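**Q** Each chain is listed here by its residues.
There are 2 protein chains.
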Amino acid sequence: MKTLQLKDCNLLVIGLGLIGGSLAKDCVERKVFNKVIGYSRKSETMAKAKELGLINDFEADLETAVSQSDVIFISVPILTTEKIIAAIAPYLKTETILTDGGSSKESIVESARQFLSTTQFENFVPGHPIAGAENSGVHAARANLYQNQKIILTPEDETNKTAISIVKAMWQAVGGQVDLMSPQRHDSVLAATSHLPHLLAFNLVDSLAKNSDYKDIFNYAAGGFRDFTRIAASDPVMWHDIFQANQKSVLTALDQFLSELHRLRDAVEKSDGDYMKKVFMDAKVARDHFSKILEARNSGCSEE
Amino acid sequence: MKTLQLKDCNLLVIGLGLIGGSLAKDCVERKVFNKVIGYSRKSETMAKAKELGLINDFEADLETAVSQSDVIFISVPILTTEKIIAAIAPYLKTETILTDGGSSKESIVESARQFLSTTQFENFVPGHPIAGAENSGVHAARANLYQNQKIILTPEDETNKTAISIVKAMWQAVGGQVDLMSPQRHDSVLAATSHLPHLLAFNLVDSLAKNSDYKDIFNYAAGGFRDFTRIAASDPVMWHDIFQANQKSVLTALDQFLSELHRLRDAVEKSDGDYMKKVFMDAKVARDHFSKILEARNSGCSEE
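Chain order of the listed sequences is A and B.
If you're matching positions, the first sequence starts at 1 in the numbering used here and goes up one per residue.
If you're matching positions, the second sequence starts at 305 in the numbering used here and goes up one per residue.
Errors might be hidden in some of the hints.
[To be verified] Taking lysine to any residue and the SDA-like style, the derived pairs with C-alpha atoms no more than 25 Å apart in a straight line are:
1) B/K582 <-> A/L251
2) A/K31 <-> A/G175
3) A/K7 <-> A/E95
4) B/K519 <-> A/Q177
5) A/K210 <-> B/S516
6) B/K596 <-> A/G223
7) A/K277 <-> B/L383
8) A/K248 <-> B/L562
9) B/K581 <-> B/D592
10) A/K278 <-> B/D559
11) A/K7 <-> A/L251
12) A/K248 <-> B/S516
13) A/K270 <-> B/S516
[Claimed, not checked] Anything over 10 Å on all C-beta distances counts as not near chain A; from chain B, calculated:
14) R334
15) P394
16) E414
17) A437
18) E438
19) P487
20) D559
21) E573
In case anyone wonders, no lab produced these hints; they're calculated from the structure.
Everything numeric in this text was worked out from a predicted model, so none of it was measured.
Every residue, glycine too, gets a C-beta built ideally from N, C-alpha and C.
Model the full assembly from the supplied sequences, consistent with the hints where possible.
**A** Structure follows, in structure tokens:
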């Protein structure tokens, strides 16, 4: 690496959707890097990203793009991330810092270990910004997406400390709060807070859409349903990849949920009011507590 | 009934929480009735409602309150609604129009038929405004809650047509879009769009709160989780009553959901990408369609 200063480095963002495009936009606007280069497999996406001011420049040849870059951020669906790591490995300079934004970390670390050389792997800092929305694509990219949001990095024992610092500095420069944890812990926490809710929302909406009362159901649904099912509008391919990649932790979280749900179903069937009230009350207390965590985070205070 | 004009009638609102308080507030501000009287079992709630301008006056004695009123709206948890119908039946004038805001209709119709005289029952118009929020109580009441929202009335064959018109006019006066359907259809549609999502949200949050990773789970949850679980902060007693009252339809909707969820679980376990993608894609299409319905409704256009 030429230097430890981000402003002397070139950032390459591979994948210019909501996650990559929003990081790129903040980095361009805040002049975090010397240059932000965009790469997408679609040339119209790169042109649009340039037009929208998300990137300083784009490069349609991946090898050329990689060779010009000091820091590379991959933000494409997980299975494609693994393919890109394999594709760039032959010409990735050992000093280039590689990071990603995938929602599942164990499988990506495993692929990176398989495809990268030992030295390349030391400069790979797996990451995941806990931010996002149901919209996707280059038009969804926006400024300040990461302000006060959690960014999880999951380095391994051998990961280069300088590489971790650089990736951390990049996220802090766009307002993120960076935490480190193991890929296993990340995958288990995210399975519970993000992957399982998405699976339930997809399942509920699909199950209702198969119903013969389909039209009435959506016609008489209100705000609670709108919020609850918003994430069912998320990108199907991205989520397919997440459930493939984080299969083990998702199944663990889902099975725990199912076991509790069957118990609650029995309580409804048996009119067991005490059990129902306890579940609803405990849930309300926990959800109200979560609201306070979110409020503190959004006001910029840290909560411990 | 003295007249068909709402402005010559007195409205009594029994229960001054989000639903009752918001209706009362709009009726006071828009001068829909001659007078809006509030009743609550707690005197401090009635005083607060008067102070907040939700009601013109309050009356701590239920019999006196009922005797002064031409239209009565009951907005308390369902099991309490049934108790109130039983309590006021002995002194409810046969010409007084009675309606309610309960989220489950079959059980309320059954109770009303049991406790009211034939003539009283003819003036009972069961209703349910499809509006609400996770907040509850007198402080949650707000203006324009019902603007462009669906209001379902579920009259029986013998229900007095004038009574239906009066209740319809009341909801239209506060911006609601009134539709009529059978109690059975209401309960089945609401089980799918509202009761089941609430059950899932309560179950998910309670299930996560029992996890040893509790703290991390909430600490690393983001916007999707916030929206998905918002309804888990809803009033436990109100929801307990709904699941008791609408048990049959809730179990039907839940069992259909569970059957689909077990199938999706198998697809995750077997890495059946095609099945997952189909479910996610169908859900996304349906959810995007629902967004358009909501947009049309909120812009004031009707959609058919």
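**Q** Could you check the structure against the hints above and give me the numbers of any it violates, in ascending order?
**A** Violated hints: 5, 11, 13, 17, 18, 20 and 21; rest satisfied.
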